[in-house]
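Colleague: When you get a sec, could you build the whole thing from the sequences and use the hints?
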Amino acid sequence: MRRFILFVPFIALTWSGWVSPALSPPPKSVPTLSAESQELFLPLRPNSVRFAVMGDNGTGHRKQYEVAQQMVGYRQKFPFEFVLMLGDNIYGPDTPLGFHKKFERPYKALLDGGVKFYAALGNHDDPNQCFYKGFNMNGRKYYAYTKGNCRFFALDSNYMDPEQLEWLEKELRNAGSAWKICYFHHPLYSSGRHGSATDLRTLLEPLFLKYGVNVVFSGHEHLYERIKPQKGIYYFTSGAAGHSRRGDIRKTGLTAAGYDQDLSFMLVEITGDELYFLSISRIGKTVDSGVIQRRVTSHVSELSGQLWLAAPIPDLPKRQIRKVEALH
Amino acid sequence: MKSRIWISCLLLCLCDEITFLLGAGTVRREPISEAGQVNEDTRLLKDFSDRVQAYVKLHKRLEASLPPLKPTPDPAKIVSHQQALAKKIQAARQDAKPGSIFTPDITERFLRLIRNEFQGPNASHARATLRQGEPVKIRLGVNAGYPKGVPLTTVPPTLLLNLPRLPPEVEYRIVDHELILRDIKANLIVDIIPKAIP
Numbered sequence: 009m010r011r012f013i014l015f016v017p018f019i020a021l022t023w024s025g026w027v028s029p030a031l032s033p034p035p036k037s038v039p040t041l042s043a044e045s046q047e048l049f050l051p052l053r054p055n056s057v058r059f060a061v062m063g064d065n066g067t068g069h070r071k072q073y074e075v076a077q078q079m080v081g082y083r084q085k086f087p088f089e090f091v092l093m094l095g096d097n098i099y100g101p102d103t104p105l106g107f108h109k110k111f112e113r114p115y116k117a118l119l120d121g122g123v124k125f126y127a128a129l130g131n132h133d134d135p136n137q138c139f140y141k142g143f144n145m146n147g148r149k150y151y152a153y154t155k156g157n158c159r160f161f162a163l164d165s166n167y168m169d170p171e172q173l174e175w176l177e178k179e180l181r182n183a184g185s186a187w188k189i190c191y192f193h194h195p196l197y198s199s200g201r202h203g204s205a206t207d208l209r210t211l212l213e214p215l216f217l218k219y220g221v222n223v224v225f226s227g228h229e230h231l232y233e234r235i236k237p238q239k240g241i242y243y244f245t246s247g248a249a250g251h252s253r254r255g256d257i258r259k260t261g262l263t264a265a266g267y268d269q270d271l272s273f274m275l276v277e278i279t280g281d282e283l284y285f286l287s288i289s290r291i292g293k294t295v296d297s298g299v300i301q302r303r304v305t306s307h308v309s310e311l312s313g314q315l316w317l318a319a320p321i322p323d324l325p326k327r328q329i330r331k332v333e334a335l336h
Numbered sequence: 294m295k296s297r298i299w300i301s302c303l304l305l306c307l308c309d310e311i312t313f314l315l316g317a318g319t320v321r322r323e324p325i326s327e328a329g330q331v332n333e334d335t336r337l338l339k340d341f342s343d344r345v346q347a348y349v350k351l352h353k354r355l356e357a358s359l360p361p362l363k364p365t366p367d368p369a370k371i372v373s374h375q376q377a378l379a380k381k382i383q384a385a386r387q388d389a390k391p392g393s394i395f396t397p398d399i400t401e402r403f404l405r406l407i408r409n410e411f412q413g414p415n416a417s418h419a420r421a422t423l424r425q426g427e428p429v430k431i432r433l434g435v436n437a438g439y440p441k442g443v444p445l446t447t448v449p450p451t452l453l454l455n456l457p458r459l460p461p462e463v464e465y466r467i468v469d470h471e472l473i474l475r476d477i478k479a480n481l482i483v484d485i486i487p488k489a490i491p
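Taken in order, these protein sequences are the chains called S and X. Each number in the numbering used here corresponds to the 1-based position in the first sequence with 8 added. Each number in the numbering used here corresponds to the 1-based position in the second sequence with 293 added.
Quick caveat, the hints were computed from the structure, so don't treat them as lab data. Incorrect hints may have been included.
Said to hold, decoys possible - Taking lysine to any residue pairs in the SDA-like style, the calculated list, with each CA pair at most 25 Å apart, reads:
(1) X:Lys430 / S:Pro135
(2) S:Lys109 / X:Glu427
(3) S:Lys239 / S:Arg201
(4) X:Lys350 / X:Pro391
(5) S:Lys141 / X:Leu362
(6) X:Lys363 / S:Pro101
(7) X:Lys478 / X:Leu456
(8) S:Lys141 / X:Gln376
(9) X:Lys353 / S:Glu171
(10) X:Lys441 / S:Gly100
(11) X:Lys381 / X:Leu433
(12) S:Lys141 / X:Lys370
(13) S:Lys155 / S:Leu119
(14) X:Lys478 / S:Asn131
(15) S:Lys218 / S:Glu177
(16) S:Lys141 / S:Cys158
(17) X:Lys363 / S:Gly122
(18) X:Lys441 / S:Arg148
(19) X:Lys363 / X:Pro460
(20) X:Lys353 / S:Tyr151
(21) S:Lys109 / X:Pro366
(22) X:Lys353 / S:Pro170
(23) X:Lys488 / X:Leu456
(24) S:Lys71 / X:Gly442
(25) X:Lys353 / X:Tyr439
(26) X:Lys370 / S:Asn144
(27) X:Lys390 / X:Tyr465
(28) X:Lys350 / S:Gly147
(29) S:Lys124 / S:Gly147
(30) S:Lys71 / S:Pro87
(31) S:Lys236 / S:Cys158
(32) X:Lys381 / S:Gly147
(33) X:Lys381 / X:Ser342
(34) X:Lys381 / S:Thr103
(35) S:Lys116 / S:Gly81
(36) S:Lys124 / S:His69
Unchecked claim - Just some of the chain X residues that point at chain S, by a computed CB distance under 7 Å:
(37) Leu362
(38) Pro364
(39) Thr365
(40) Ala369
As the structure is a prediction and not an experimental result, all values here were calculated from the model. The beta-carbon is built from N, C-alpha and C at its ideal position, and this holds for glycine as well.
Modeller: Set out below in structure tokens:
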């Protein structure tokens, strides 16, 4: 039995000279867990918000099932409670067989374990999916919900009409949670083959900045990409839970870390003002990891009173971050 | 002789009518003043809204005759509701033709709005949105279903800001160069503007 140490020392970075450097407290406990091929670098703090993130998963192909198996395996060590689905939930026609083959069967163990899936719609999804209980959309194409100190906003980026924008602004304005996390299908920043959804960005980014959105997750591109912080907001693309496209990450200067060699999904833990993330490949390798610090400072009101610091988890073995470094 | 007089009279009347019609045409083509344009736009918008509302009224009436669709763990219920609703609407609108909602006047106004978007400062972003949405080329017919399993092209959000608002039962979509009005729950093409996207 191998033993892995779950240890995430956090080193704060300075932010353009606005914030003085500070060290985060080391974790109080060092739990140990067994694992086979999987490694886990998450703090597992009590009462933390734990979830998985996956996009473009609904292919029904063997590799989707393999990613699902990894998720099941990781849940034994990191008991996440829910999953964000970033769209393209069911490729092809929405038949009952399609739902079974592309959602109910691959994620059966998670569904049986009480894990809730909260879906956003992709361009391959029939909007009537919002009536499917397994996706927890409650008949709405866009919706919001709260978990712990986080407010999640699932948006329909296929059809961002004025009604949705007005709804989003109202929801963001009234959200009292410490963390505001938006997710939708089309990435506002991307180095993938589709590129950044700039038209959508012109409408959403001002709202994100005005109301202090912290993190944004998207899919559409069949790869993993962590974008360098844009105006203080962290953007992740995780659209490779159903299939991947090798070599799709282009050199754009946007990429902080990326992985396009295989399928992947993410695990996230939010505890207090820290968000820990892992991106894990189909075969259980950690391809990116890090922690984001939510900072509230009084002298940066132009950024909605919040500043962000991110640092990679220093303990991550070098072989696992090779791809990340290559893309820098 | 009598018949020649009759033919001459008929020709004279015909010429008179043609002159009148051409004249009317000329009057209609005169530039409309700014206030006149506003009034015309308001009239067209109301006409469009009335037509859409009439369709939605039909949709609601026919849907009310079906068991209500509520969130369900059974995807078969969603599919059967969609198919049943589509059948009812198709039967009720079996004579529907292109232009029943996008009349020539309304189409002209829409084309102007769309042209503004695709020739204005935001044009490159709007075109990029269409490309990113994995555009499809398919033949669509009014009152026919949108092909199952074919992705729905993402509509540029800045274009949606400029088009008239719609009730939640219907939406705009772009397929190749066509703008379609789509019934979401029934997955039906309500009307089409061909060659709308330049």
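Colleague: Are the hints correct? Go through all of them and say.
Modeller: Cross-check of the supplied hints:
{"no.": "1", "hint": "X:Lys430 / S:Pro135", "verdict": "holds (20 Å)"}
{"no.": "2", "hint": "S:Lys109 / X:Glu427", "verdict": "holds (24 Å)"}
{"no.": "3", "hint": "S:Lys239 / S:Arg201", "verdict": "holds (23 Å)"}
{"no.": "4", "hint": "X:Lys350 / X:Pro391", "verdict": "holds (19 Å)"}
{"no.": "5", "hint": "S:Lys141 / X:Leu362", "verdict": "holds (12 Å)"}
{"no.": "6", "hint": "X:Lys363 / S:Pro101", "verdict": "holds (20 Å)"}
{"no.": "7", "hint": "X:Lys478 / X:Leu456", "verdict": "holds (21 Å)"}
{"no.": "8", "hint": "S:Lys141 / X:Gln376", "verdict": "holds (19 Å)"}
{"no.": "9", "hint": "X:Lys353 / S:Glu171", "verdict": "holds (20 Å)"}
{"no.": "10", "hint": "X:Lys441 / S:Gly100", "verdict": "holds (7 Å)"}
{"no.": "11", "hint": "X:Lys381 / X:Leu433", "verdict": "holds (19 Å)"}
{"no.": "12", "hint": "S:Lys141 / X:Lys370", "verdict": "holds (11 Å)"}
{"no.": "13", "hint": "S:Lys155 / S:Leu119", "verdict": "holds (18 Å)"}
{"no.": "14", "hint": "X:Lys478 / S:Asn131", "verdict": "holds (16 Å)"}
{"no.": "15", "hint": "S:Lys218 / S:Glu177", "verdict": "holds (9 Å)"}
{"no.": "16", "hint": "S:Lys141 / S:Cys158", "verdict": "holds (22 Å)"}
{"no.": "17", "hint": "X:Lys363 / S:Gly122", "verdict": "holds (22 Å)"}
{"no.": "18", "hint": "X:Lys441 / S:Arg148", "verdict": "holds (21 Å)"}
{"no.": "19", "hint": "X:Lys363 / X:Pro460", "verdict": "holds (19 Å)"}
{"no.": "20", "hint": "X:Lys353 / S:Tyr151", "verdict": "holds (23 Å)"}
{"no.": "21", "hint": "S:Lys109 / X:Pro366", "verdict": "holds (15 Å)"}
{"no.": "22", "hint": "X:Lys353 / S:Pro170", "verdict": "holds (23 Å)"}
{"no.": "23", "hint": "X:Lys488 / X:Leu456", "verdict": "holds (16 Å)"}
{"no.": "24", "hint": "S:Lys71 / X:Gly442", "verdict": "holds (21 Å)"}
{"no.": "25", "hint": "X:Lys353 / X:Tyr439", "verdict": "holds (20 Å)"}
{"no.": "26", "hint": "X:Lys370 / S:Asn144", "verdict": "holds (16 Å)"}
{"no.": "27", "hint": "X:Lys390 / X:Tyr465", "verdict": "holds (18 Å)"}
{"no.": "28", "hint": "X:Lys350 / S:Gly147", "verdict": "holds (20 Å)"}
{"no.": "29", "hint": "S:Lys124 / S:Gly147", "verdict": "holds (16 Å)"}
{"no.": "30", "hint": "S:Lys71 / S:Pro87", "verdict": "holds (22 Å)"}
{"no.": "31", "hint": "S:Lys236 / S:Cys158", "verdict": "holds (22 Å)"}
{"no.": "32", "hint": "X:Lys381 / S:Gly147", "verdict": "holds (22 Å)"}
{"no.": "33", "hint": "X:Lys381 / X:Ser342", "verdict": "holds (23 Å)"}
{"no.": "34", "hint": "X:Lys381 / S:Thr103", "verdict": "holds (20 Å)"}
{"no.": "35", "hint": "S:Lys116 / S:Gly81", "verdict": "holds (13 Å)"}
{"no.": "36", "hint": "S:Lys124 / S:His69", "verdict": "holds (22 Å)"}
{"no.": "37", "hint": "Leu362", "verdict": "holds (6 Å)"}
{"no.": "38", "hint": "Pro364", "verdict": "holds (5 Å)"}
{"no.": "39", "hint": "Thr365", "verdict": "holds (6 Å)"}
{"no.": "40", "hint": "Ala369", "verdict": "holds (4 Å)"}
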